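*Asks:* Heads up: the protein sequence lines correspond to chains A and B, in order. The first sequence begins at 1 in the working numbering and counts up by one. The second sequence begins at 1 in the working numbering and counts up by one.
If you're looking for bench data, these hints aren't it; they were derived computationally from the structure. Nothing here was measured: the structure is a model prediction, and the numbers come from that model. Some hints could be false.
Identical chains share a label here; the pair holds if one copy fits it or two copies do between them.
As the list claims (entries may be wrong) - Under the rule of at most 27 Å between Cα atoms (straight-line distance), these lysine-lysine pairs were calculated in the DSSO-like manner:
no., residue 1, residue 2
1, Lys217, Lys44
2, Lys70, Lys2
3, Lys2, Lys202
4, Lys67, Lys217
5, Lys44, Lys2
6, Lys202, Lys173
7, Lys202, Lys67
8, Lys217, Lys202
9, Lys67, Lys44
10, Lys173, Lys70
11, Lys173, Lys2
12, Lys67, Lys173
Protein chains: 2
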Amino acid sequence: MKTLILLSGGIDSVTALYYTLQEHSVTAALSFHYGSKHNDQELKFAAWHANQTGIHHEIISLDFINKLFKSDLLQSGGEIPEGRYNQENMQSTVVPFRNGIMLSIAAGLAESLGAEAIVIAAHSGDHAIYPDCRNDFLLKMEAAITAGTYAGIRILAPFANVDKTEIIRRGTKLGIDYSQTWSCYCGGTLHCGHCGTCTERKESFALAGIPDPTLYKE
Amino acid sequence: MKTLILLSGGIDSVTALYYTLQEHSVTAALSFHYGSKHNDQELKFAAWHANQTGIHHEIISLDFINKLFKSDLLQSGGEIPEGRYNQENMQSTVVPFRNGIMLSIAAGLAESLGAEAIVIAAHSGDHAIYPDCRNDFLLKMEAAITAGTYAGIRILAPFANVDKTEIIRRGTKLGIDYSQTWSCYCGGTLHCGHCGTCTERKESFALAGIPDPTLYKE
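Okay, chain A solo, but in the shape it has when bound:
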């Protein structure tokens, strides 16, 4: 199947890229610059993996999100919370309907490029926090995209029922260099080691029993 993959440059979507290449062709990788605090870091790694795999890479700018939307993930928002990666702690970092927007743009681009499916790396660890990462949302969004495109474009979510620990296990088997990925929501040049996503990153490597190659600031 010809696919278009949403590639942020984090562990999940980078793994999804290599995972998808085992079974499908990838017409293009699509990244977004939407003004999150960690966007510049993420996109460097997205570009790095697109280059490694020889996949055409598009970066679309969505400046209006940082300007108009409310979220502490954005440069226009407040501080990133430290500590656990759970709903109570991380809800302020939700960018309203971000996955819906990214999937919709991907649907239009997929139809323009002749791709048949969009790959998104949403995983079970995100479900509690982000309404637009849950399986129920993804199934409904796929129904809308299939109905709203001539080609009946589909959504593939290979990690919908696994967590980040399992993603890291699978990616390690594929030989992925996770030092070339970014998680930290705070941005900067090194992972902070304290925010919710850094905490989740550390825990996931520990639970997977795989050495964490990340250089933390601490």
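Following the hints, position chain B against chain A.
*Replies:* For chain B alone, coordinates are given in the frame of chain A:
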């Protein structure tokens, strides 16, 4: 209900604005600059009606559509077809998943602004041509948006089951000045009078039995 309305500056969405104001509050009107040939003309009228009604108006730029998507509606595309407004003739003007993209962005903005529903002026005359104007698509997209937002945002499509003729009848009763709306897909300073959308505009006024206030180039 607090609503966010998609306002292009054409007959349908301008009528939807005044129609919605009868029953609901309108938190903001949202327009997009996406590089269609007629975007500049449309947006002038969108701004005019937002100003007339005292509604906050946001214009979001989606430059990537003109750059990356395939459609003759776009400045990057080919000629606009003349003649009838039907699928065979107009399919080249479909911008892939345009309504899905606009509704998704509106969903994120609605959640940020505290609006509870998005108003879209899709009507039955568009169904044959545009897959993302059909009721089936709108219901599925609403299900996805409701599931993917904390507020469970809804879609209101007041004209889903009526045609442009009926829209013009209803809008005329509301006192709308249709000389302050734009339809022509070709752009320019006057309606061309020959393209599919000009043909549909003329026919709809004729069928409604209401004088067409449009100044055509011919």
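*Asks:* Please flag the earlier hints that this structure goes against, numbers listed from lowest up.
*Replies:* The structure conflicts with hints 3, 4, 7, 10, 12, although it agrees with all the remaining ones.
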